[in-house]
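**Student:** Spelled out, the chains give:
Protein chains: 2
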Amino acid sequence: MNLTFIKFRHGVGEPKRHVTKPMPESHFPEVRGLHLFSQMADEHFLSLMRGTYVQTFPPQIELIQEGDPSDFLHVVLSGSIELFSSWNGRETTMAIVRPVSTFILAATIKDAPYLMSARTLEKSRIALIPSQDVRAVFDEDAGFARAIVTELAQCYRSVIKSTKDLKLRSSLEQLANYLLRQQARFGGEATFILPIEKRRLASQLGMTPENLSRAFKGLIPYGVEVNGNSITITDQSELARFAKPNVLIDDFHS
Amino acid sequence: MNLTFIKFRHGVGEPKRHVTKPMPESHFPEVRGLHLFSQMADEHFLSLMRGTYVQTFPPQIELIQEGDPSDFLHVVLSGSIELFSSWNGRETTMAIVRPVSTFILAATIKDAPYLMSARTLEKSRIALIPSQDVRAVFDEDAGFARAIVTELAQCYRSVIKSTKDLKLRSSLEQLANYLLRQQARFGGEATFILPIEKRRLASQLGMTPENLSRAFKGLIPYGVEVNGNSITITDQSELARFAKPNVLIDDFHS
DNA sequence: ATTCAGACTTGATCTAGATCAGGAAAATCA
DNA sequence: TGATTTTCCTGATCTAGATCAAGTCTGAAT
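Chains as they are written, first to last, in this note's numbering: chain F, 67 to 320; chain C, 67 to 320.
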């Protein structure tokens, strides 16, 4: 496993809270459309939104530090967020969160400290819903409760899948499957753009940037062409034959 | 990562279902005492129990195969269960489940296929609650809903912790922390018994049995004595100084 | 444009941990 | 009780991937 030492930290120094603005009604439909909020009663939704704030953050801002109390449920409205963890001077990327979805739901539910830190990767708009409101409405609204539990089960299954990926596959196999997943996500076109920097992808796959670079070269025989952050898969079936994708690991929707 | 090929399989061949017996009322208090069932209305509990079966299984029986539809929520009443996953001829231990707790809750909730297989490690008594009953009662009983979501959040956080363990620590560090956790679990005595076979521990920690053996030797300088499955920690503080245990990884209760 | 910092690559090494090959000890079974 | 199986240990290799040390390239700032 890659035990990279942290060589630099981004956007740190000032843990000063950005001034947040109450959520404007214009954003309501966007949040309401989230699976998590679509099945609840209007009055409960509005009561949740009353306490909710929305803020746009610049890139590389640390929104959450692991160990902090979980005061807010976060919803990514735009941009992208990296969840990461540190121990003993090492750091690893745990996941990348994209719109529109929540993060650190489990900590909110349990009223327990965050297990992961979060930073913006790009300019991102985040809705912050007070955790205690979430817990209160959970007890009142069965539709919301159902949605929460489904979302949480989904999150759980995603982590299990990535653990399987990590423990059962070599880094070359992990990368191959990652590329197939991304390709599917972008409509199955032969060419697509990597949605994150390679060094973060490396951390996510549990390897060093150097080795990711070599892994890309290792996939050339299977029809993978790399040009900066543009990937072309010239021989889908050949790559799939090598990668052996599996619904119980790679299907991130069930 | 350890990509062990499966050399043999236990208790397989016959996927014949063991005949299950309806749950006797004498077991009700035991299940009722579970955090998951303690807060629900009596009538809902009884209605759940009506459809519940209890069965004692011999060791090395495969209860669940990954990919199967999730028909039952399982509760371990006694014994112990190994959750494991396979891909491309490799196998890895994902977790060990001990009484009294549930497993594959997420699959039950989502009505999705199991992501992990399960086998008994020893003679084990299991309660099987029909998944659709669980989902039905969830919608009726707020106390049960609350308990489910808490349990699920707990499971999620446990997997996150073990992922951090896996990605951020060397195998020696993982083993050291594992030993400290076990010691705490058994009341903090200097000497305790490993609750599972070493080869399974190896798989859980993502390494080969050979390397686990060497890892134990590597911990001798930090005051770890091994005698079969009996472990003695002669210098707790020295071991802890090396292991650097962390509440955000090693505290399995929050 | 020029400079500069950070991202990425490439090659040369190093190392943690896997694999292979025995053998000892323990558990299971006849 | 001895025979057989399985776990566990130990040493000798091997290898995937980390680390180290230059590079090049890119994109933003002056």
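Worth flagging that the hints you see were computed from the coordinates, not collected in a lab.
Where hints are given, some of them may not hold.
It does not matter which identical chain is used: a pair holds within one copy or between any two.
What the hints assert, rightly or not - In silico DMTMM-like pairs for lysine to aspartate or glutamate, Cα to Cα no more than 25 Å straight-line: (1) Lys227 <-> Glu217; (2) Lys176 <-> Glu263; (3) Lys176 <-> Glu304; (4) Lys264 <-> Glu206; (5) Lys310 <-> Glu96; (6) Lys310 <-> Asp137; (7) Lys264 <-> Asp231; (8) Lys264 <-> Asp137; (9) Lys310 <-> Glu255; (10) Lys310 <-> Asp134; (11) Lys227 <-> Asp205; (12) Lys176 <-> Asp317; (13) Lys310 <-> Glu291; (14) Lys310 <-> Glu217; (15) Lys283 <-> Asp108; (16) Lys264 <-> Glu96.
**Student:** First find the shortest C-alpha distance between Lys227 and Asp205 inside one copy, then the shortest across copies, and answer within, between, both or neither for a cut-off of 25 Å.
**Tutor:** neither (30 Å within a copy, 28 Å between copies)
**Student:** Measure nothing new, just compare the shortest in-copy and cross-copy C-alpha distances for Lys310 and Asp134 to 25 Å and report within, between, both or neither.
**Tutor:** between (40 Å within a copy, 19 Å between copies)
**Student:** Within a copy, between copies, both or neither: which one fits Lys227 and Glu217 at a CA-CA cutoff of 25 Å?
**Tutor:** both (15 Å within a copy, 19 Å between copies)
**Student:** Have a look at Lys310 and Glu96 and pick one of within, between, both or neither, based on CA distance no larger than 25 Å.
**Tutor:** Result: close neither inside a copy nor across copies, 37 Å intra and 44 Å inter.
**Student:** Up to 25 Å between alpha-carbons, please classify Lys176 paired with Asp317: within, between, both or neither.
**Tutor:** Only across copies: Lys176 and Asp317 sit 14 Å apart there, 28 Å inside one copy, limit 25 Å.
**Student:** Go through the copies and call it for Lys310 and Asp137: within, between, both or neither, with a Cα cutoff of 25 Å.
**Tutor:** Close neither inside one copy (42 Å) nor across copies (28 Å); limit 25 Å.
**Student:** Is the C-alpha distance from Lys310 to Glu255 at most 25 Å within one copy, between copies, in both cases, or in neither?
**Tutor:** Cα proximity of Lys310 and Glu255: one copy only (19 Å, versus 47 Å across).
**Student:** When no copy is named, should Lys176 and Glu263 be tagged within, between, both, or neither for a Cα gap of at most 25 Å?
**Tutor:** neither (33 Å within a copy, 33 Å between copies)
**Student:** Under a CA distance limit of 25 Å, which applies to Lys264 and Asp231: within one copy, between copies, both, or neither?
**Tutor:** The answer is both: 18 Å in one copy and 23 Å across copies each meet 25 Å.
**Student:** Go through the copies and call it for Lys264 and Glu206: within, between, both or neither, with a Cα cutoff of 25 Å.
**Tutor:** Neither: 44 Å inside a chain and 48 Å across chains, both beyond 25 Å.
**Student:** Between the shortest in-copy and the shortest cross-copy C-alpha distance, which are at most 25 Å for Lys310 and Glu291: within, between, both, or neither?
**Tutor:** within (19 Å within a copy, 43 Å between copies)
**Student:** Treating 25 Å as the Cα threshold, decide for Lys264 and Glu96: within, between, both or neither.
**Tutor:** neither (31 Å within a copy, 51 Å between copies)
Consistency with the previously given hints fails for numbers 2, 3, 4, 5, 6, 8, 11, 14, 15 and 16, ordered from lowest to highest.
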